[in-house]
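All chains should be modelled from the sequences, with the hints used to inform the complete structure.
Protein chains: 2
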Amino acid sequence: MKKYCYGICFLISVAINILFSIHLYVGDGPNQEISCRSSLTWSEKAAAEAEAVAAISCSGHGRAFLDGSISDGQPVCECYGCYSGTDCSELSPGCAADANSGDPIYLEPFWMQNAADTAVVISGWHRMSYEYADDPMMSPELDKYIRKLHSVAGNAITQDRYIVFGVGSSQLLSAAVYALSSQNSSSPSNVLASTPFYHLYKDQTRLFNSKNFVYRGDTNSWQTNNTDVIEFVTSPTNPGGELKKSVTGGKTIHDHAYFWPQFTPIPGPSDHDLMIFSLSKLTGHAGTRFGYVVYAVLASSFFQLSSVRYILNIFLCTLIIYRWAIIKDKDVYDKVLNYIYLANAGISKDTQLRVLKVLKVAMKADGKPFFEFAYNQMSDRWNRLTSVFSKSTRFSIQPRHPLHCNFFHQTRQPSPAYAWVRCERQEDNDCAAVLKAGKIIGQSGSTFSAKDRYARLSLIKSQDDFELLMQRLTELVSLENHNIEIM
Amino acid sequence: MKKYCYGICFLISVAINILFSIHLYVGDGPNQEISCRSSLTWSEKAAAEAEAVAAISCSGHGRAFLDGSISDGQPVCECYGCYSGTDCSELSPGCAADANSGDPIYLEPFWMQNAADTAVVISGWHRMSYEYADDPMMSPELDKYIRKLHSVAGNAITQDRYIVFGVGSSQLLSAAVYALSSQNSSSPSNVLASTPFYHLYKDQTRLFNSKNFVYRGDTNSWQTNNTDVIEFVTSPTNPGGELKKSVTGGKTIHDHAYFWPQFTPIPGPSDHDLMIFSLSKLTGHAGTRFGYVVYAVLASSFFQLSSVRYILNIFLCTLIIYRWAIIKDKDVYDKVLNYIYLANAGISKDTQLRVLKVLKVAMKADGKPFFEFAYNQMSDRWNRLTSVFSKSTRFSIQPRHPLHCNFFHQTRQPSPAYAWVRCERQEDNDCAAVLKAGKIIGQSGSTFSAKDRYARLSLIKSQDDFELLMQRLTELVSLENHNIEIM
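Chains A and B are the protein sequences, given in the same order. No gaps in the numbering here: position 9 of the first sequence is 9 in the working numbering, and each next residue is one more. No gaps in the numbering here: position 206 of the second sequence is 206 in the working numbering, and each next residue is one more.
Think of the hints as simulated: they come from the structure by calculation, not from any bench. Check before you lean on any hint, since a few could be wrong.
No more than 25 Å apart at the CA atoms, straight line, and that leaves these computed lysine to aspartate or glutamate pairs for DMTMM-like [stated by the list, open to error]:
1. B:K45 / A:E108
2. A:K360 / A:E372
3. A:K45 / B:D117
4. A:K364 / B:D72
5. B:K360 / B:D160
6. A:K360 / B:E51
7. B:K439 / A:D134
8. A:K439 / B:E131
9. B:K211 / A:D228
10. B:K45 / A:E51
11. B:K148 / B:D160
12. B:K451 / B:D430
13. A:K148 / B:E78
14. A:K439 / A:E480
15. A:K439 / A:D452
16. A:K148 / B:D72
17. B:K148 / A:D72
18. A:K391 / A:E427
19. A:K245 / A:D271
20. B:K436 / B:D98
21. B:K391 / B:E475
22. A:K245 / A:D228
23. A:K148 / B:E49
24. A:K436 / A:D98
25. B:K368 / B:D117
26. A:K436 / B:E131
27. B:K144 / A:E49
Dropping the structure here:
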């Protein structure tokens, strides 16, 4: 009996040995595998900090950030509009819906769903130099992905062109005007845009007070006999969302900030001389300040390599940091890059790294998951918006026309970033004021050189903002249907 | 006998179980503790990627980066000048020493030594908005640390002033000229600088072709009866490293890019109207493109809040992204920020986060470890440099004058970022060419509006670059002492 007992105990002990061995060398599941496979050293502290901050609860109505204000040793919640409290749980009653800015927070959920693939770790010594190994200013890897992006989205031609990055839409617009403007001080180039348009076209052109160009107003009022024209062509329009073509036949600056499948059907790739895009509207990373210009130089027409022209184009490229330009002419490209190098102007390498990571995720599976997510967000918001406005006779929004989209391979309606609201009643000639009285903050028509009978409402902000906008619009239309004037 | 065997086997098995248990629950040392203590989730993949790339050996003569070109699934080494091969181990014989650019790699070792504290993890959804919670464009935390930085370094007054960030020295210089220039198109402001000076002062002023200002040349040739002057005061000078004061008595733009304890003794805090600093020279993060302007507006002298003046100052602030300005006037500050917000111009939030992290480390222990490291680097290089030039009659370098440094609390010699070499022989009137023949690449005096008898050599590049420069200089001086002409 004792012998049997020894035997059983021994077998049990050996069995436990085997189990321990399996546990030790195979692990006990995915979680264990992740944490113990790790042999992180210098990056672990920063990673833990970032995760701790991301885990701070702000009730879904705010966010804590690594560089936020500190209280009790940790960053505090930064609450979205209308919410307050340490955990952003307090909704301010009667708070106005803010649909003013084009802050593209509508894509935040996508990036949270793709957290592991879009996190970036930057070492203290990451790219301290002004230069990359094979390029003075721009990440060749990012260049490659930007070309892929255009090929995937099918919205711009990049083949046989050079790409230059840049920053800041306001500077870029001015720089583009500079690059295309006359060299003749006694006869400056005439800058035009079609109403309604983004106010910076006018403000920035005037700001320079240059001898080389002058702002002339709306394209409709322009005499066609003067051909020294630089025309801003916004396509899709902001606001409105319509695809547009040049009307003057002059040199053009195509502002394609919203020419992405989530906002408009893509009928085909754009192939204009100078096209401005904005990455902030594409991926929603407005805070990263990375947009781009597709700058296609026609070999011999307006782009003569005189010294002045050279300098003006240099100016374009030094100003368009964080944007990119696609240039056909290799000589121009080399000289522009050389100047940028000498000027110590440049593009933050940290930002280029982050954009690379974000674009890689956006382009997974040929961009289908990303653009479908983005399109569904916009499309759902438009469905709800049109449902509310269909009940109103006091307010109308822009009509939308279905088109075949080469990206989604089907006919779809546009879902623009902004609603362009018209107040229909005779007396409502200040539409933004009417909306404001209904606790809705929009931008006046005159901001876009249009009539104040119009107002722009942003549809790309956070879900909280959109829900409140829907609530306030519903209240406003409901008042109208009960024949109660609010103003 | 069999019974004893059972017993011994059982005891051995139990002993093994105990060892397994100890191993499993106690771990096998500090390394195990680090890896299994971690409960990282979404950040771990990015952290592991960053560490794997940092661990790629490039023989100390190059660096692999996350966004580098990919070969066999991992980024390749980017070799420093004169080195090549997959691991950068091959030194090109007879390679010229490149002392041309101001690429401040000399501080890379400091950041590698402080890897854990300076790593940054950026989530995919980090600050997607254009705005911070309490500020449209700028991180309040970074604002706080910038003020501390000036207080610690003792090199600029920030009290009772507002701070605005900006980017890009070239744009900034132009923008500063714009902000200070005349509003009278028929009588533009006169822009001046003292030779030798950074060529962008001239190039960028001319580039704008504005009706409001015109570049007039050297301060020495200027008639003092015209008071509508905007003077660039570079202090310390680039090249040269001397502390300077205004000579015209007009409005001034103080370029303080090198006004840090590692380059010059700090006699006291600077308190001028408009001061330009550059963070790239302070911490060596040139690739991050974060510099700053200390912009102190005098209440009523040149800063009248007419609409044109307002616009010009707006222009300053939209252009100086990634730099910061310290402004006394609250009204101006508010309007400038409001415009920046409306213009959607801004500063990359990723970059602001990284700069915050870097500054926090630089300012540990009141900046002592950081500035001492940086000063020792520069000081050692100057000791070796002067030792070589002391043996030469053909070449001389600028004299240096000791001053009391308020930061180090002792009298020290300046250790400027650049050597300003003079070729003493009558026939050596192109000094850069003489150096080039000796396999040393510098910048000609004429690049700084000085004579070509001078050339600038950069002393802030990597240790590899500096060692090669020392070698080539030693060879050149040695040839001279053996009475062998090289040109």
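Do the hints match the structure? See the list:
Straight-line distance between C-alpha atoms of B:K45 and A:E108 comes to about 20 Å, which keeps the hinted pair within the 25 Å bound. Simply put, A:K360 and A:E372 have alpha-carbon atoms about 16 Å apart, close enough for the 25 Å limit, and the pair holds. A distance of roughly 8 Å separates the Cα atoms of A:K45 and B:D117; the hinted pair therefore holds under the 25 Å criterion. Taken as a hint, the A:K364 and B:D72 pair is honoured in the structure, with Cα atoms around 20 Å apart against an allowance of 25 Å.
In summary, the hint linking B:K360 to B:D160 is supported, as the alpha carbons are separated by about 22 Å, within the 25 Å threshold. Proximity of A:K360 to B:E51 is assessed by CA-CA distance (about 20 Å); at most 25 Å being required, the pair is judged to hold. As the CA atoms of B:K439 and A:D134 are separated by approximately 22 Å, the hinted pair is consistent with the 25 Å bound. At roughly 22 Å between alpha-carbon atoms, A:K439 and B:E131 fall within 25 Å of each other, so this suggested pair holds.
Distance hint between B:K211 and A:D228 is fulfilled; the C-alpha atoms sit about 20 Å from each other, no more than 25 Å. A hinted pair counts as satisfied when its Cα atoms are at most 25 Å apart, and B:K45 with A:E51 qualifies at roughly 13 Å. Only pairs whose Cα atoms come within 25 Å are accepted, and B:K148 paired with B:D160 is accepted, the gap being roughly 14 Å. Under the criterion of a C-alpha separation no larger than 25 Å, the hint pairing B:K451 with B:D430 is consistent with the structure, at around 8 Å.
Between A:K148 and B:E78 the CA atoms are separated by roughly 24 Å; this keeps the pair inside 25 Å, and the hint holds. Proposed proximity of A:K439 and A:E480 is supported: the alpha carbons are some 15 Å apart, at most 25 Å. In summary, the hint linking A:K439 to A:D452 is supported, as the alpha carbons are separated by about 17 Å, within the 25 Å threshold. Under the criterion of a C-alpha separation no larger than 25 Å, the hint pairing A:K148 with B:D72 is consistent with the structure, at around 20 Å.
Pair hint B:K148 plus A:D72 holds up; C-alpha atoms about 20 Å apart against a cutoff of 25 Å. Note on A:K391 and A:E427: the hinted pairing holds, with a Cα-Cα distance of about 20 Å set against a maximum of 25 Å. Of the pairs offered as hints, the one joining A:K245 and A:D271 holds, with about 12 Å between alpha carbons and a cut-off of 25 Å not exceeded. For the hint linking B:K436 to B:D98, the alpha-carbon distance of about 10 Å falls within 25 Å, and the restraint holds.
Our distance criterion of 25 Å between C-alpha atoms is met by B:K391 and B:E475, whose separation comes to about 12 Å. Restraint check: the Cα-Cα separation between A:K245 and A:D228 comes to about 18 Å, which is no more than 25 Å; the hinted pair holds. Taken as a hint, the A:K148 and B:E49 pair is honoured in the structure, with Cα atoms around 23 Å apart against an allowance of 25 Å. A distance of roughly 10 Å separates the Cα atoms of A:K436 and A:D98; the hinted pair therefore holds under the 25 Å criterion.
Restraint check for B:K368 and B:D117: the C-alpha separation of about 16 Å stays at or below 25 Å, so the hint holds. A distance of roughly 22 Å separates the Cα atoms of A:K436 and B:E131; the hinted pair therefore holds under the 25 Å criterion. For the hint pairing B:K144 with A:E49, the CA-to-CA distance comes to about 20 Å; that is within 25 Å, so the pair holds.
Violated hints: none; the structure is consistent with every hint.
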